[in-house]
Structures are given as C-alpha cells and as structure tokens.
Amino acid sequence: MVHAFIMVKTAAGKSEGLLAAIRDLETVSTAHIVAGNYDIIAEVDAEEMYDVLKAVSSNMQGLEGVTDTKTYIAMD
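Each residue of the sequence shown is one higher than the one before, counting from 300 in our numbering.
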C-alpha cells in the first residue's frame, strides 16, 4: 500500500468547488482546504506507486482550476 500527500494549487476562487471533485476521486481518502503555499491537501491511498501517479497526473491535474500539484510519498 502506498500512502501519499498531494498538495494542490488552484486558480483564484476555485478551491471550494475543486475540493468536492478531489474528494470524489477513487484513491483520495480525505482532502482539506488549507492556508499556505497550496490551497488543498489530499491524502491518497493506492495499491502501487503507478496508481498514485495516475491519480495525480490523469485525475487531479485534469480538473479545471488546478494549476499545480506536488506529491509527497509517506515513508512510514
């Protein structure tokens, strides 16, 4: 099992609408709007690293209003 944290930057005023769409993604276990350099942090649980990459590159980055993502893989 791979556990990852995905930091998501959004276009101005898009965070709330994107939060629901990100939470609806199959591999996302939870997501929150946050203050700081990124607008949303999502936690992803997947069977393999490929599934995490797919969740980010195909699913999250494909959502209208997502401008940038950064992925951190949990090591514990």
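Keep in mind that the hints are not guaranteed to be accurate.
To be verified - Below, in silico cross-link-like pairs of lysine-lysine (DSSO-like), each with a Cα-Cα straight-line distance of 27 Å or less:
hint	residue 1	residue 2
1	K308	K369
2	K313	K353
3	K308	K353
4	K313	K369
5	K369	K353
Unchecked claim - Quick list of the computed label-pair ranges, beta carbon to beta carbon:
hint	residue 1	residue 2	range
6	E346	E315	26 to 32 Å
7	E315	M348	16 to 22 Å
8	N336	E315	28 to 34 Å
9	N336	H302	31 to 37 Å
10	V333	Q360	16 to 22 Å
11	E346	Y371	30 to 36 Å
12	K369	M300	17 to 23 Å
13	E347	A311	17 to 23 Å
14	L352	A319	18 to 24 Å
15	H331	S357	29 to 35 Å
16	E347	K308	31 to 37 Å
17	A311	D344	29 to 35 Å
18	E325	Y371	17 to 23 Å
19	S357	A334	23 to 29 Å
If you're looking for bench data, these hints aren't it; they were derived computationally from the structure. For glycine and all other residues, C-beta sits at the position ideal for the given N, C-alpha and C.
Now for the hints, and whether the structure bears them out:
Of the pairs offered as hints, the one joining K308 and K369 holds, with about 9 Å between alpha carbons and a cut-off of 27 Å not exceeded. Distance restraint check for K313 and K353: the Cα-Cα separation of roughly 22 Å lies within the 27 Å cut-off, and the hinted pair is therefore satisfied. Only pairs whose Cα atoms come within 27 Å are accepted, and K308 paired with K353 is accepted, the gap being roughly 18 Å. Distance hint between K313 and K369 is fulfilled; the C-alpha atoms sit about 18 Å from each other, no more than 27 Å.
With a C-alpha separation of about 14 Å, the suggested pair K369 and K353 falls inside the 27 Å cut-off, and the hint holds. At about 30 Å, the beta-carbon gap between E346 and E315 stays in the expected band of 26 to 32 Å. The supplied range of 16 to 22 Å is broken by E315 and M348, whose beta-carbon atoms lie about 30 Å from each other. For the pair N336 and E315, the supplied restraint of 28 to 34 Å is violated, since their beta-carbon distance comes to about 18 Å.
The beta-carbon spacing between N336 and H302, approximately 21 Å, falls outside the hinted interval of 31 to 37 Å. A C-beta distance of roughly 19 Å is found between V333 and Q360, which places it inside the suggested range of 16 to 22 Å. Checking the proposed 30 to 36 Å range against E346 and Y371 shows it is violated: the Cβ atoms sit about 18 Å from each other. Roughly 21 Å separates the CB atoms of K369 and M300, a value that falls within the hinted 17 to 23 Å.
Range check, E347 to A311: Cβ separation about 35 Å, and the 17 to 23 Å hint is violated. A hinted range of 18 to 24 Å holds for the C-beta pair L352 and A319, which are about 23 Å apart. At about 22 Å, the CB distance of H331 to S357 disagrees with the hint of 29 to 35 Å. A hinted range of 31 to 37 Å is violated for the C-beta pair E347 and K308, which are about 26 Å apart.
For A311 and D344, the hinted distance range of 29 to 35 Å is satisfied, since their beta carbons lie about 30 Å from each other. Our hint of 17 to 23 Å for E325 and Y371 holds, since their Cβ atoms are close to 20 Å apart. A C-beta distance of roughly 28 Å is found between S357 and A334, which places it inside the suggested range of 23 to 29 Å.
The structure does not agree with the numbered hints 7, 8, 9, 11, 13, 15 and 16 stated previously, though it agrees with the rest.
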